[in-house]
Amino acid sequence: MTDQLDCALDLMRRLPPAHVEDHLAGLLDLVPDLTEDLLSAVDQPLKIAYDNHAKRDYLLCDYNRDGDSYRSPWSNKYDPPIEDGEGAVPSAALRAIEVQANEVFDIYRDLYFEGGVSSVYCWDLDDGFAAVVLIKKTQDQSKKGQPMKGTWDSIHVVEVKDMKKTGHYKLTSTIMLSIDTETEASGSVNLSGSLTRQEEKDFPVSDASPHVTNIGRMIEEMESKLRMTLEHIYFGKTKEVVATLRNQIGNAELEKRKNLSNQIGSALGGK
Amino acid sequence: MGDVSNEDIVRIATDFLLNAPPGEFMEVVTDVRALLPNESLLNASALSTFREYNTEQMVQVTSPGNKHQVLISKVGEVSDGEYLDPRGRQVVQYDHIKQEVTGSRPLSGELDADVEPFRAAFDQEASRYVDEHYSPNGATGVYGKKEGGNYVITVCISSSKFNPNNYWNGRWRSIWTATFKPGGQVQLQGSLKVNVHYYEDGNVQLNTQTTRSASVAGNGNAPDLAKEVMKNIIKLEQGLHASLDTSYNTMGDTTFKALRRALPITRAKIDWNKIRTYKLGQEMGK
Numbered sequence: 025m026t027d028q029l030d031c032a033l034d035l036m037r038r039l040p041p042a043h044v045e046d047h048l049a050g051l052l053d054l055v056p057d058l059t060e061d062l063l064s065a066v067d068q069p070l071k072i073a074y075d076n077h078a079k080r081d082y083l084l085c086d087y088n089r090d091g092d093s094y095r096s097p098w099s100n101k102y103d104p105p106i107e108d109g110e111g112a113v114p115s116a117a118l119r120a121i122e123v124q125a126n127e128v129f130d131i132y133r134d135l136y137f138e139g140g141v142s143s144v145y146c147w148d149l150d151d152g153f154a155a156v157v158l159i160k161k162t163q164d165q166s167k168k169g170q171p172m173k174g175t176w177d178s179i180h181v182v183e184v185k186d187m188k189k190t191g192h193y194k195l196t197s198t199i200m201l202s203i204d205t206e207t208e209a210s211g212s213v214n215l216s217g218s219l220t221r222q223e224e225k226d227f228p229v230s231d232a233s234p235h236v237t238n239i240g241r242m243i244e245e246m247e248s249k250l251r252m253t254l255e256h257i258y259f260g261k262t263k264e265v266v267a268t269l270r271n272q273i274g275n276a277e278l279e280k281r282k283n284l285s286n287q288i289g290s291a292l293g294g295k
Numbered sequence: 343m344g345d346v347s348n349e350d351i352v353r354i355a356t357d358f359l360l361n362a363p364p365g366e367f368m369e370v371v372t373d374v375r376a377l378l379p380n381e382s383l384l385n386a387s388a389l390s391t392f393r394e395y396n397t398e399q400m401v402q403v404t405s406p407g408n409k410h411q412v413l414i415s416k417v418g419e420v421s422d423g424e425y426l427d428p429r430g431r432q433v434v435q436y437d438h439i440k441q442e443v444t445g446s447r448p449l450s451g452e453l454d455a456d457v458e459p460f461r462a463a464f465d466q467e468a469s470r471y472v473d474e475h476y477s478p479n480g481a482t483g484v485y486g487k488k489e490g491g492n493y494v495i496t497v498c499i500s501s502s503k504f505n506p507n508n509y510w511n512g513r514w515r516s517i518w519t520a521t522f523k524p525g526g527q528v529q530l531q532g533s534l535k536v537n538v539h540y541y542e543d544g545n546v547q548l549n550t551q552t553t554r555s556a557s558v559a560g561n562g563n564a565p566d567l568a569k570e571v572m573k574n575i576i577k578l579e580q581g582l583h584a585s586l587d588t589s590y591n592t593m594g595d596t597t598f599k600a601l602r603r604a605l606p607i608t609r610a611k612i613d614w615n616k617i618r619t620y621k622l623g624q625e626m627g628k
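Chains as they are written, first to last, in my numbering: chain R, 25 to 295; chain H, 343 to 628.
To be clear, the hints were calculated from the coordinates, so they are not data collected in a lab. Each residue gets a CB set at the ideal place from its N, CA and C atoms; glycine is no exception. Where hints are given, some of them may not hold.
Claimed, not checked - Residues on chain R that point at chain H, a partial pick, calculated with CB under 8 Å:
#1 Asp27
#2 Cys31
#3 Asp34
#4 Leu35
#5 Arg38
#6 Pro40
#7 Pro114
#8 Val128
#9 Phe137
#10 Val213
#11 Gly217
#12 Lys249
#13 Glu255
#14 Lys261
#15 Thr268
As the list claims (entries may be wrong) - Listed next, the stretches of chain H that the computed footprint assigns to chain R, with coverage defined by at least 3 CB atoms under 8 Å from CB atoms of chain R:
#16 345–353
#17 357–369
#18 445–458
#19 473–486
#20 532–541
#21 597–603
#22 606–614
Claimed, not checked - No farther apart than 35 Å at their CA atoms in a straight line, the calculated lysine-lysine pairs in the DSBU-like style are these:
#23 Lys599(H) with Lys194(R)
#24 Lys280(R) with Lys573(H)
#25 Lys611(H) with Lys225(R)
#26 Lys161(R) with Lys616(H)
#27 Lys535(H) with Lys261(R)
#28 Lys161(R) with Lys599(H)
#29 Lys173(R) with Lys71(R)
#30 Lys79(R) with Lys616(H)
#31 Lys194(R) with Lys611(H)
#32 Lys488(H) with Lys263(R)
#33 Lys71(R) with Lys535(H)
#34 Lys535(H) with Lys282(R)
#35 Lys173(R) with Lys503(H)
#36 Lys616(H) with Lys189(R)
#37 Lys263(R) with Lys409(H)
#38 Lys280(R) with Lys503(H)
#39 Lys599(H) with Lys225(R)
#40 Lys599(H) with Lys263(R)
Isolated chain R (complex conformation) (with noise of 0.2 Å):
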């Protein structure tokens, strides 16, 4: 069954990321067996809900979902509710932590995003714990007269085992990001995708320097290396390899311009 599911993955790293909800739906059907798997391990743009008991929006995934239902990190409860006692919560002491955590990662997101909806959801390992943060933020720009829209999704699940004054902290990180564009002039563009990244860190853990502080601080720095290389991978790599395929400028104006600086280096070196 591993086979299956690493060729299911390296499918999904190959097929256009602008439908990975569609093609996620058509794996399931052809493997269904794998669906718990597939779905624990294949990133989808997150979805939004509405808490009406906090009266706020909230992101689902798949380590807030028991069963069909959701648990809104900011009241707690899951919707639909779950009938015969409670749906999986973190026990008290790490609600405590996940309060605090989706407090600061409010604040983080409002830095950074200026608007979007956070959320963070906990769960206890046998040594620690693990904590899911997740960003969702949308820019729709057709109406100042650009038609672009765009669309952030941060994915960071991070393992914390917890040694008392040392925290050692396991991050993986996935960045979904989708561009469009529709132009008289350029047609449609798309720009979607996915990248994913891993650190392994060892941090003190004291009153000053909680779990939470480490792991905003590694978050902070792996998502500001992220988007720089999101930067130079979407709008650098891609574009160049566009114009491997085709050259704007033509080889006689290539030529032209490499004999000319020729001339120039040997006129300026030459004696």
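Start from chain R and add chain H according to the hints.
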């Protein structure tokens, strides 16, 4: 959850295959085969799916016995597995499953004698253009036929670069159709598709498509007409490429920056010891 029918399985699998990025078709085939409950489910449709993919992508192959390239294209398809090589004055035989040329045969009436002077003139202009702007990765196929009282010349351009060692692949496809009565005005229709896939530690794809149309004054002299129409095609393609570059700049400068700032408005990274005071500051500012 109901059982998925075999029909649905074939439809899903075929859709995956046809969406393979340039240069990665066989990798997608391998993945899809491993995910089928029964490999033989695709046997009946495999040939037509492979053929659809190859001709849609306008795969480039070397003309047997020549230096130039031939496009395996829908326009140039003479019969199942046979593709016209007008410049090489032959028909190329292509195995879609193995994705290779298996042979060739001489022409037997595939080129229309009336249209041929125009087709050949367009071929010459197009080849010059592709050498100038699409080398070394591009090739052109130029086809001619009669349709409903008109001459129809189709110029296909396919340019691809595969660099799997560096985790990227790309293809540019343009198809230009010139419809005219000899000496009469030319209706020019073009379509352009560019796909780029970058997949080091991720999956990023550029997909762009657009269409263009124009009218070009008629000319009974084939070389003159070809020059004039080609001039229009070149101008339109230059414009499209320039617009694509502009879109890139705007997406990068405007939309991307509006999604997430490089740094907060304080122009410094967050002081995590003090992050809760940012919130107090916000509330006080209200």
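Okay, the hints, checked on the actual structure:
Nearest Cβ of chain H to the Cβ of Asp27(R): about 6 Å, under the 8 Å cut. The hint holds. At its closest, the beta carbon of Cys31(R) sits 4 Å from a beta carbon of chain H; the interface hint therefore holds under the 8 Å criterion. The beta carbon of Asp34(R) is positioned within 8 Å of a beta carbon in chain H (closest approach about 5 Å), and the interface hint is therefore held. Interface restraint check: Leu35(R) against chain H, minimum CB-CB distance 4 Å, threshold 8 Å, status holds.
Interface restraint check for Arg38(R): the shortest CB-CB distance to chain H comes to about 5 Å, inside 8 Å, so the restraint holds. Residue-level restraint check for Pro40(R) holds (minimum Cβ-Cβ distance to chain H is 5 Å; threshold 8 Å). At about 21 Å, the closest approach between the beta carbon of Pro114(R) and any beta carbon in chain H exceeds 8 Å, and the interface hint on this residue is violated. Restraint check, Val128(R) versus chain H: the minimum CB separation of about 6 Å is within 8 Å; hint holds.
Annotation: Phe137(R) was flagged as interfacial toward chain H, and the flag holds, the nearest CB pair being 5 Å apart, inside 8 Å. For Val213(R), the shortest C-beta to C-beta distance to chain H is roughly 4 Å, which falls under 8 Å, so the interface hint holds. Here the hint on Gly217(R) is kept, as its CB sits about 3 Å from the closest CB of chain H, short of 8 Å. Using the Cβ-Cβ criterion of 8 Å, the hint placing Lys249(R) at the interface with chain H is not satisfied: the shortest such distance is roughly 11 Å.
The interface hint given for Glu255(R) is met, as the beta carbon of that residue sits about 7 Å from the closest beta carbon of chain H, less than 8 Å. Taking 8 Å as the C-beta cut-off, the interface hint given for Lys261(R) holds, the closest approach to chain H being about 6 Å. Here the hint on Thr268(R) is kept, as its CB sits about 5 Å from the closest CB of chain H, short of 8 Å. For the segment 345–353 of chain H, the stated coverage by chain R holds: 3 residues have a C-beta nearer than 8 Å to a C-beta of that chain, and at least 3 were required.
Residues of the segment 357–369 of chain H lying with their CB closer than 8 Å to a CB of chain R number 7, which satisfies the three-residue condition for coverage. As drawn, the segment 445–458 of chain H meets chain R at 0 residues by the rule of a beta-carbon pair under 8 Å; below three, the given contact is violated. Beta-carbon proximity to chain R at under 8 Å applies to 7 residues in the segment 473–486 of chain H; the threshold of 3 is reached and the given coverage holds. Interface restraint, the segment 532–541 of chain H with chain R: holds (6 residues with C-beta to C-beta distance below 8 Å; minimum three).
Three residues within the 8 Å Cβ limit are the bar, and the segment 597–603 of chain H against chain R gives 6, so the coverage statement holds. Counting residues of the segment 606–614 of chain H whose C-beta sits closer than 8 Å to any C-beta of chain R gives 6, which meets the bar of three, so the coverage hint holds. A hinted pair counts as satisfied when its Cα atoms are at most 35 Å apart, and Lys599(H) with Lys194(R) qualifies at roughly 28 Å. A hinted pair counts as satisfied when its Cα atoms are at most 35 Å apart, and Lys280(R) with Lys573(H) qualifies at roughly 21 Å.
Pair hint Lys611(H) plus Lys225(R) holds up; C-alpha atoms about 19 Å apart against a cutoff of 35 Å. For the hint linking Lys161(R) to Lys616(H), the alpha-carbon distance of about 25 Å falls within 35 Å, and the restraint holds. Distance check on the hinted pair: Lys535(H) and Lys261(R) sit about 18 Å apart at the alpha-carbon level, within 35 Å; holds. Distance check on the hinted pair: Lys161(R) and Lys599(H) sit about 12 Å apart at the alpha-carbon level, within 35 Å; holds.
Pair hint Lys173(R) plus Lys71(R) holds up; C-alpha atoms about 17 Å apart against a cutoff of 35 Å. A distance of roughly 27 Å separates the Cα atoms of Lys79(R) and Lys616(H); the hinted pair therefore holds under the 35 Å criterion. For the hint linking Lys194(R) to Lys611(H), the alpha-carbon distance of about 21 Å falls within 35 Å, and the restraint holds. Using a Cα cut-off of 35 Å, the hinted pair Lys488(H) and Lys263(R) is violated, with the two alpha carbons roughly 39 Å apart.
For the hint linking Lys71(R) to Lys535(H), the alpha-carbon distance of about 31 Å falls within 35 Å, and the restraint holds. Note on Lys535(H) and Lys282(R): the hinted pairing holds, with a Cα-Cα distance of about 31 Å set against a maximum of 35 Å. Using a Cα cut-off of 35 Å, the hinted pair Lys173(R) and Lys503(H) holds, with the two alpha carbons roughly 29 Å apart. The hinted pair formed by Lys616(H) and Lys189(R) meets the criterion: a straight-line CA distance of about 21 Å does not exceed 35 Å.
For the suggested pair Lys263(R) and Lys409(H), the alpha carbons sit about 30 Å apart, so the restraint of at most 35 Å is met. Proximity of Lys280(R) to Lys503(H) is assessed by CA-CA distance (about 25 Å); at most 35 Å being required, the pair is judged to hold. Of the pairs offered as hints, the one joining Lys599(H) and Lys225(R) holds, with about 29 Å between alpha carbons and a cut-off of 35 Å not exceeded. Between the alpha carbons of Lys599(H) and Lys263(R) the distance comes to roughly 18 Å, so the proposed pair stays at or under 35 Å and holds.
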